[in-house]
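K.L.:
One letter stands for each residue in the lines below.
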Amino acid sequence: MSIYKSEATIFSGASMLEETAFIIIQIKPVVPIPSHLTAEIQSKLAYVDESIHRVQVAQDQIIIEVNTVDQPFDNDFQTLLVEKVQKVVVSMVKGAIQPKIQFLEDHLDRAVPGNEDPMVELLRRGEISKEDTGLFCIGPLLTSLIAYFERQFLDLADSFQAVPYRFPTLIPARYLERVNYFRSFPHSLTFATHLREDLDVIDSFSQHACCNSQGDLFAPADSFAPIKALLSPAVCYHLYFALADKALQGGELVATAVGNCFRYEAINLVSLERLWNFTMREIIFVGSKDFVLDNREVARQRMARLLEKIGMAYRVESANDPFFIGEFRKQAAFQSAFQLKFEIRARLPFKNSTLAVGSYNYHQDFFGRNLDITLPDGSPAHTGCVAFGLERIAFAFLAQFGLDPSHWPLESLER
Amino acid sequence: LDNLSENIQELLAQALQLPIEQIPLDLAFGDIPQWDSMGHMEVMMILEERYGVEINADTISALTSIPIIYEYLQKRSDNI
Chain A
1 MSIYKSEATI FSGASMLEET AFIIIQIKPV VPIPSHLTAE IQSKLAYVDE SIHRVQVAQD
61 QIIIEVNTVD QPFDNDFQTL LVEKVQKVVV SMVKGAIQPK IQFLEDHLDR AVPGNEDPMV
121 ELLRRGEISK EDTGLFCIGP LLTSLIAYFE RQFLDLADSF QAVPYRFPTL IPARYLERVN
181 YFRSFPHSLT FATHLREDLD VIDSFSQHAC CNSQGDLFAP ADSFAPIKAL LSPAVCYHLY
241 FALADKALQG GELVATAVGN CFRYEAINLV SLERLWNFTM REIIFVGSKD FVLDNREVAR
301 QRMARLLEKI GMAYRVESAN DPFFIGEFRK QAAFQSAFQL KFEIRARLPF KNSTLAVGSY
361 NYHQDFFGRN LDITLPDGSP AHTGCVAFGL ERIAFAFLAQ FGLDPSHWPL ESLER
Chain B
1001 LDNLSENIQE LLAQALQLPI EQIPLDLAFG DIPQWDSMGH MEVMMILEER YGVEINADTI
1061 SALTSIPIIY EYLQKRSDNI
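Read top to bottom, the protein sequences are chains A and B.
So for the first sequence, my numbering puts the first residue at 1; every next one is plus one.
So for the second sequence, my numbering puts the first residue at 1001; every next one is plus one.
Heads up, some of the hints might be wrong.
Chain A is nowhere near these chain B residues, computed Cβ spacing over 10 Å in every case [unchecked claim]:
(1) D1002
(2) N1007
(3) L1018
(4) I1020
(5) Q1022
(6) G1052
(7) V1053
(8) S1065
(9) P1067
(10) L1073
(11) K1075
(12) D1078
Partial pick of chain A residues on the chain B-facing surface, computed with a CB cut under 10 Å [claimed, not checked]:
(13) N180
(14) S336
(15) F338
(16) P380
These aren't lab readings, by the way, just hints derived from the structure by calculation.
We put the beta carbon where it would ideally sit given N, CA and C, even for glycine.
Bound conformation, chain A alone (with noise of 0.2 Å):
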């Protein structure tokens, strides 16, 4: 391991000045990463201490940029850091399964006229403006490139006379505890909370309540009422919780609905392709496995032909959702092996580097297992979701097509 200090002056957000201290470790991991996992352990590294800024891992080498402002550097603690990293790779590498990639759609090599990071002039011209980390407030030309996918999606969810439901941002505790969410995905989740009901405690907490200027929150102590409620993680859920303990009518069910989506990525919440509080457009199958496996290939064909009529490049392949370091290699290669994810992934030319936009899932009955949904015959109902991330997708979009509305292949596109 080698160490060495550095000073550096960065930019944070679209244009305050920050002056930070940082120090870089260069870290050999105890074992190779195979290829396939050090985009996985990347990701999560970002968790294993507060002070890591930036993290960059290679097969044979782990580079930590960690934060010296807020956390003193010493060789205590970086002895700590580097077990700590240790620790993740080897969970993450010891027994991994070699995914089995499929890819079901490969136009990646479309030409695309965009070679810009889209985010430079969109922050330039107030189009987007950053509230905080993962955190912004999008203007009118993403949100008329928004709507118009919000449109077709909405067509694509029509042909399967999908019914429109709407359901809370806020999710209960207790539901994701039931679908063992808190197990698989602890490191994303995004809690609500609200003062105690308690006069002393409100008059308290409006007179001492106050933000230091890294916007963290001060308050006094025992202000807050115990956690019953998440910023929900995902669309689908909500209706599988409105089905769960009963017979499912009819034996089977496609819905659609859209809704704010929170995950909290650390430091991986960048620009809009990663973003703590998104939207998503899901179509839900609920019913038999064939049911489900069908419709999900369907909308899959689908939405192939409108990624063609625009033009976008892009590739589905097989895919896993991010678990957490304990649960990833079993449930990963369990995901991987049964076929259950693909992610349509957006080519962004700027980068030379994809971006998953929407995927298509299969949950087999996970779902109807765990919270007693059922079919005629009494057997747990089967459940998948085609899901789109509509920030994401018109990011990819200008990436590939820039800003110029003129410019743009939609023909039906209010400009």
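With the hints as your guide, set chain B onto chain A.
P.N.:
Positioned in the frame of chain A, the structure of chain B alone reads:
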């Protein structure tokens, strides 16, 4: 009931943390709440540990019932 059947029953009981009496010989993935995705991966890991079964996408998706596991292990021993 031959030895291999008994061994598989016992293996499933250990993986799914159930008494062996609750493991019928025709048990399949999804038949009981314990044999869910996580339970299945426990089954796979013990199969790897005891019989050297390689865990990969093909074996994970194929070995989904006691009769299939039996047939798979039987064929392997025949080929050795």
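K.L.:
Mind verifying the non-interface call on B:K1075? Its CB should be farther than 10 Å from each CB in chain A.
P.N.:
20 Å, holds
K.L.:
Is B:Q1022 truly not at the interface, in the sense that its beta carbon sits beyond 10 Å from all beta carbons of chain A?
P.N.:
The assertion about B:Q1022 holds, with a minimum of 17 Å to chain A.
K.L.:
Hey, does B:D1002 actually stay past 10 Å from chain A on C-beta?
P.N.:
Given a closest Cβ separation of 28 Å, the condition holds.
K.L.:
Against chain A, does B:G1052 hold up as non-interface, every C-beta pair farther apart than 10 Å?
P.N.:
14 Å, holds
K.L.:
Does A:P380 pass the interface hint, meaning its C-beta sits closer than 10 Å to a C-beta of chain B?
P.N.:
With a closest approach of 8 Å, the A:P380 hint holds.
K.L.:
Is the interface hint satisfied for A:F338? The criterion is a beta-carbon contact with chain B at less than 10 Å.
P.N.:
Interface hint status for A:F338: holds (5 Å vs cutoff 10 Å).
K.L.:
Over 10 Å from every CB of chain A: does B:S1065 meet that, or does the non-interface label fail?
P.N.:
14 Å, holds
K.L.:
Just want to verify: B:L1018 was marked as not at the interface with chain A; is every Cβ pair farther apart than 10 Å?
P.N.:
16 Å, holds
K.L.:
If I take the minimum Cβ distance from B:P1067 to any residue of chain A, is it greater than 10 Å?
P.N.:
19 Å, holds
K.L.:
Would you say B:D1078 is clear of chain A, with no C-beta pair closer than or equal to 10 Å?
P.N.:
25 Å, holds
K.L.:
Should the interface hint for A:N180 be scored as holding, given a Cβ-Cβ cut-off of 10 Å against chain B?
P.N.:
8 Å, holds
K.L.:
Classify the label on B:L1073 as holds or violated, using whether its beta-carbon is more than 10 Å from each beta-carbon of chain A.
P.N.:
Its Cβ never comes within 10 Å of chain A, the nearest being 19 Å, so this holds.
Violated hints for the displayed structure: none, as all numbered hints are satisfied.
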